[in-house]
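Asks: Place chain B on chain A using the hints.
Number of protein chains: 2
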Amino acid sequence: MKYPNSINKTYKKTVINYKNRGMDLESMINDACSYYLENDIAIIYKKPTPIGIVEVDYKNKAVIKKAYFKEPSTLDYNGIYKGKYVEFDAKECHSKTSFPIKNIHEHQLKHLRRIINHGGICFLVISMNDNYYLFKGEDLLEFLAKEERKSIPFKVIDTKGYKLDYNYSTGIDYIKGIDIAYKELINFENTKVEN
Amino acid sequence: MKYPNSINKTYKKTVINYKNRGMDLESMINDACSYYLENDIAIIYKKPTPIGIVEVDYKNKAVIKKAYFKEPSTLDYNGIYKGKYVEFDAKECHSKTSFPIKNIHEHQLKHLRRIINHGGICFLVISMNDNYYLFKGEDLLEFLAKEERKSIPFKVIDTKGYKLDYNYSTGIDYIKGIDIAYKELINFENTKVEN
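First to last, the protein sequences are chains A and B.
Using my numbering, read the first sequence as starting at 1 and increasing by one per residue.
Using my numbering, read the second sequence as starting at 1 and increasing by one per residue.
The shape of chain A in the complex, shown without the other chains:
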């Protein structure tokens, strides 16, 4: 987490800076990934940001001199939990009433559908109205198939989504969310993990 200009941490915590909330959600998920890794619970990493490299100065320790950000075609995080393939994305929602579908790129939606068809666990972590939700890819696809709306009402997210706990040491505990949201998939397998 970033505390610019040496702002006191305790004070900073009480100030909700909406401009940086996207950053914060990612940090809180990254904290969880580190926690799971250190405690051998799951191996889930954020994929590096896709970048198109235009110019590299090989004479100078291969410093990249020109590059640009590319649009992601997959979701940001993926890895393995209890033998299962897991992939998800973190989405910050500033509206209090509904989550705009356009927050999810067309390519990402196609990818999400594929992952589910191949038996993977695929979802969004949505930050909305000061809560964090695990919103299953299956529920997202069902909503898109039935509704013509371009946004998901908060009520749907709050009802269908699984509320995630946050605390300072573990970050946003999305694995606990997986255990509940996908309990049949997780429990019925004989994928015995021994460490």
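These are calculated hints, taken from the structure and not from any lab test.
Only a predicted model underlies this, so the values are computations on that prediction, with no experimental measurement involved.
Treat the hints with care, since some could be wrong.
It does not matter which identical chain is meant; a pair holds if it fits inside one copy or across any two.
Calculated pairs, DSSO-like style, for lysine-lysine (alpha carbon to alpha carbon, straight line, at most 30 Å) [claimed, not checked]:
| # | residue 1 | residue 2 |
| --- | --- | --- |
| 1 | Lys-150 | Lys-61 |
| 2 | Lys-82 | Lys-47 |
| 3 | Lys-155 | Lys-102 |
| 4 | Lys-61 | Lys-110 |
| 5 | Lys-46 | Lys-91 |
| 6 | Lys-146 | Lys-91 |
| 7 | Lys-160 | Lys-183 |
| 8 | Lys-70 | Lys-47 |
| 9 | Lys-59 | Lys-91 |
| 10 | Lys-110 | Lys-150 |
| 11 | Lys-160 | Lys-61 |
| 12 | Lys-61 | Lys-102 |
| 13 | Lys-82 | Lys-176 |
| 14 | Lys-91 | Lys-61 |
Replies: Using the frame of chain A, we list chain B on its own:
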């Protein structure tokens, strides 16, 4: 595949350009990934190269002005096949007699061990002596545990490894290799993973 200076393709194919072989192996694997994706066989992507961004010009369409390549701590490719988590790396070996262990970063080795312990399919695709091999992570760890040598003799790779087919339309067919190398894991869903 790259054919610089408009060299005739047929001619070029007979010339082994060792300098570009790393690139070629990657291209041939990327071709396979595209083929599997298009035919809905597996969803496996090359992760973007990890890059540390130093300077971005936000005034100019967010062009990256300074960045550097970071050392990877995971393997290059990951995804899902028949519901299973798959991760691997492509390694070009120029020596005809042995594969140097130092080709695999310390972090990558640690990561490979973790993935296997969590029930994932994890291996190397090694290009050596004009052949392509799927070399299982389990066999790599077994070799490292028993031997103090800093390289794996070609004989071990040729014996323990699974030879992979290459053809122009499918690239290096590593999924066929997975079907053979991990047939128990792939065929019996409820198989316990033992290392």
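Asks: Determine which of the earlier numbered hints do not hold for this structure and return their numbers in increasing order.
Replies: 11
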